[in-house]
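Residue numbers (numbering that gives the first Met the number 0), protein chains in the order written: chain A, 0 to 499; chain B, 0 to 127.
There's no promise every hint is true.
[As the list claims (entries may be wrong)] No farther apart than 25 Å at their CA atoms in a straight line, the calculated lysine to any residue pairs in the SDA-like style are these:
| no. | chain 1 | residue 1 | chain 2 | residue 2 |
| --- | --- | --- | --- | --- |
| 1 | B | Lys54 | A | Asp202 |
| 2 | B | Lys33 | A | Asn235 |
| 3 | B | Lys54 | A | Val209 |
| 4 | B | Lys54 | A | Ser206 |
| 5 | B | Lys54 | A | Gly70 |
| 6 | B | Lys33 | A | Arg158 |
| 7 | B | Lys54 | A | Gly189 |
| 8 | B | Lys54 | A | Pro68 |
[As the list claims (entries may be wrong)] Per the computed footprint, the stretches of chain B lying under chain A, defined by three or more beta-carbons under 8 Å from a beta-carbon of chain A, are:
| no. | region |
| --- | --- |
| 9 | 51-65 |
| 10 | 76-84 |
[Unchecked claim] Not everything, but these chain B residues come out facing chain A in the computed CB check (under 7 Å):
| no. | residue |
| --- | --- |
| 11 | Gly29 |
| 12 | Ile32 |
| 13 | Lys34 |
| 14 | Leu38 |
| 15 | Gln42 |
| 16 | Thr43 |
| 17 | Leu48 |
| 18 | Val87 |
| 19 | Ala88 |
| 20 | Gly93 |
| 21 | Ile100 |
| 22 | Arg122 |
| 23 | Glu123 |
None of these hints come from the bench; they were simulated from the model. Computed from a predicted structure; not experimentally measured. The beta carbon of each residue, even a glycine, is placed where N, CA and C say it ideally should be.
For reference, the chains in residue letters:
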Amino acid sequence: MNLTQHLPALQVIVPLMSAPLAVLLRHGGLAFGLVTAGAWLAFANALALWFQVDASGTISYHLGSWPPPWGIEYRIDRLSSFVLLLVSGMAAIVLLWGRASVAREIPRNVHYLYYAMFGLCLTGLLGITITGDAFNIFVFLEVSSLSTYVLIALGRDRRALAASYRYLIMGSIGATFIVIGIGFLYLTTGTLNLADMAIRLRDVQSSRPVLAALAFLTVGISLKLALFPLHQWLPNAYTYAPSAVTAFLAATATKVAVYVLIRFYFTVFGESLIFDKLPLPKIMLGLSLLAMFAASFIAIFQDNLKRLFAYSSVGQIGYITLGLSFDSVSGLTASIVHLFNHGLAKGAIFLLIGAMVLGLTKGGATPPAPSFDRLNGLAKRMPLTCLGIVVAGLSLIGVPGTVGFISKWYLILAAMEKGQFWLVGAIVLSSLLAVAYVWRFVEVAYFRTPPAQSEAHEPPLSTLIPAWLLVLATLWFGFDTSFTVGTASDAAQQLIRVLP
Amino acid sequence: MMLSQFLNHFGYIVTVFLMVTGLFIVIARGNLIKKLVGLSVFQTSVYLLYIIPGKLLGGTAPILSAQYSVYSNPLPHVLILTAIVVGVATMALGLALAVRIREAYGSIEEDDITDLDNQADEREGNVA
Numbered sequence: 000m001n002l003t004q005h006l007p008a009l010q011v012i013v014p015l016m017s018a019p020l021a022v023l024l025r026h027g028g029l030a031f032g033l034v035t036a037g038a039w040l041a042f043a044n045a046l047a048l049w050f051q052v053d054a055s056g057t058i059s060y061h062l063g064s065w066p067p068p069w070g071i072e073y074r075i076d077r078l079s080s081f082v083l084l085l086v087s088g089m090a091a092i093v094l095l096w097g098r099a100s101v102a103r104e105i106p107r108n109v110h111y112l113y114y115a116m117f118g119l120c121l122t123g124l125l126g127i128t129i130t131g132d133a134f135n136i137f138v139f140l141e142v143s144s145l146s147t148y149v150l151i152a153l154g155r156d157r158r159a160l161a162a163s164y165r166y167l168i169m170g171s172i173g174a175t176f177i178v179i180g181i182g183f184l185y186l187t188t189g190t191l192n193l194a195d196m197a198i199r200l201r202d203v204q205s206s207r208p209v210l211a212a213l214a215f216l217t218v219g220i221s222l223k224l225a226l227f228p229l230h231q232w233l234p235n236a237y238t239y240a241p242s243a244v245t246a247f248l249a250a251t252a253t254k255v256a257v258y259v260l261i262r263f264y265f266t267v268f269g270e271s272l273i274f275d276k277l278p279l280p281k282i283m284l285g286l287s288l289l290a291m292f293a294a295s296f297i298a299i300f301q302d303n304l305k306r307l308f309a310y311s312s313v314g315q316i317g318y319i320t321l322g323l324s325f326d327s328v329s330g331l332t333a334s335i336v337h338l339f340n341h342g343l344a345k346g347a348i349f350l351l352i353g354a355m356v357l358g359l360t361k362g363g364a365t366p367p368a369p370s371f372d373r374l375n376g377l378a379k380r381m382p383l384t385c386l387g388i389v390v391a392g393l394s395l396i397g398v399p400g401t402v403g404f405i406s407k408w409y410l411i412l413a414a415m416e417k418g419q420f421w422l423v424g425a426i427v428l429s430s431l432l433a434v435a436y437v438w439r440f441v442e443v444a445y446f447r448t449p450p451a452q453s454e455a456h457e458p459p460l461s462t463l464i465p466a467w468l469l470v471l472a473t474l475w476f477g478f479d480t481s482f483t484v485g486t487a488s489d490a491a492q493q494l495i496r497v498l499p
Numbered sequence: 000m001m002l003s004q005f006l007n008h009f010g011y012i013v014t015v016f017l018m019v020t021g022l023f024i025v026i027a028r029g030n031l032i033k034k035l036v037g038l039s040v041f042q043t044s045v046y047l048l049y050i051i052p053g054k055l056l057g058g059t060a061p062i063l064s065a066q067y068s069v070y071s072n073p074l075p076h077v078l079i080l081t082a083i084v085v086g087v088a089t090m091a092l093g094l095a096l097a098v099r100i101r102e103a104y105g106s107i108e109e110d111d112i113t114d115l116d117n118q119a120d121e122r123e124g125n126v127a
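Throw the hints in and build the complete structure from the sequences for me.
And the structure:
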């Protein structure tokens with residue numbers, strides 16, 4: 000049996016199998032080994048798939064050898080392989096990083112459950128990205144969402160429970176809206192296969208059920224995306240979840256939701272319906288600008304460092320949807336590039352914050368919440384950690400030499416292409432807001448004196464090395480953009496070319 | 000004319016009614032358990048949305064036979080079985096969270112929980 004033939008199926012099966020095995024083993028260390036091995040195998044698998052797509056174009060894998068549209072098809076094109084790499088890579092790094100953090104933040108008797116849920120979440124996210132069937136997207140979406148609710152509820156603070164419950168209610172409403180949208184699409188086209196749906200939709204494009212489907216799908220996916228004003232679940236969920244969970248979610252969950260939006264908009268509905276016949280670009284533009292300005296502004300006034308960067312995430316997602324609203328290859332390229340770059344930068348920041356709270360106390364004490372009154376003069380006690388946060392923060396601002404600059408550059412290029420120079424000003428202005436909240440951290444950590452009796456010390460090396468790996472990646476991809484921008488522009492051209 | 004139209008689309012009218020009722024319960028009720036009930040009603044309406052169009056007029060059960068030419072669509076039923084399972088899992092998770100919240104906060108009313116959280120935030124100096 001040729002293994003490379005079945006790589007698409009293995010991408011989902013390997014992390015999926017690691018989860019129930021972790022539950023059966025009931026041992027934290029074994030569960031860690033199993034799920035981490037599964038994640039690294041998934042990363043290797045994603046790399047292999049990326050090279051395969053690079054060499055021979057879109058892969059179409061028929062599950063159970065049932066030909067589409069009757070069977071479920073796994074379809075991997077440029078965009079899918081890109082997002083697969085991001086998700087599996089972040090899972091692999093966060094799992095390795097999390098050893099020390101999980102030991103101190105999550106009660107020992109539920110470690111094996113934590114790893115099982117992480118494996119399921121990874122499975123769900125990978126499944127959403129790889130499948131070419133609409134209902135399959137919903138199933139994997141719910142797999143990842145339900146395990147996310149459990150992961151968030153594992154946080155120490157009791158507010159994690161309230162945050163998880165709120166996310167459950169909002170997330171389930173969003174997922175049900177997505178099902179309603181898929182239901183209308185199924186009613187009008189008779190198929191669930193995305194590629195087949197695109198062909199059949201050309202005949203019924205402006206009929207009311209299809210427009211209703213578009214509306215439901217947009218709202219449902221925007222809720223998962225945390226597009227302002229549907230972002231209410233995100234700040235609490237990120238703040239009170241365990242550090243490893245926050246880092247993984249911030250880097251992957253919303254990005255996969257963006258992927259689903261792009262997939263439905265460009266592959267299924269087609270560019271001509273979305274952008275020419277409907278006022279969707281204007282709506283998206285308005286909401287993106289709201290997200291960029293309002294969320295970044297609220298971030299400046301937060302007292303908890305995790306909450307500050309959670310609101311920053313909502314703002315940065317505004318940049319991604321801003322690129323979508325341009326309806327041009329360069330705009331879509333900017334979106335896809337920022338998807339990857341923001342995942343890297345936010346992953347790095349939350350990993351470093353997780354390391355920082357570990358270093359705030361000595362011994363096996365539960366790490367405290369990173370509120371600003373505990374961070375005075377931290378740079379003298381843990382210089383590497385604070386430097387990492389500042390460098391990754393520069394990426395959020397968009398300083399040249401970091402990945403954030405690359406994304407903003409392409410956004411500005413797309414805006415200038417459309418002749419909308421006021422938008423260039425808006426992008427630059429919102430970056431100044433990012434300067435404000437990153438500067439708050441710099442001012443507290445570098446320019447205040449640490450309290451005399453503080454026990455703060457540099458966190459363990461096992462947490463610093465993976466986090467700094469991501470920080471260096473944000474610098475590397477800021478200079479060598481051939482991989483990110485090359486893949487993104489190929490993907491954008493592939494998506495926009497497929498219009499009816 | 001109106002009555003026959005109403006009766007023809009009766010299933011869809013029930014679907015929309017359940018959908019809106021479920022959403023209203025989620026938004027308007029502060030009790031955590033009631034919110035979950037509303038979510039369940041909302042998800043049930045979606046099951047109807049899929050299954051009603053599956054029955055074709057004059058269609059028989061989807062078992063191949065030489066005598067019949069029109070079959071009802073079995074695929075929506077399969078999809079909805081999956082959706083029901085997802086709904087059950089969501090409900091179970093929501094109820095488990097409600098139990099844990101009751102243990103941690105002493106209440107399952109959203110207003111009480113929000114008040115306690117706001118007090119905790121103020122003590123820590125957080126801005127909402």
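Problem set entry | Hint numbers contradicted by this structure | When the structure is compared with the hints, numbers 9, 11, 12, 16, 18, 22 turn out to be violated.
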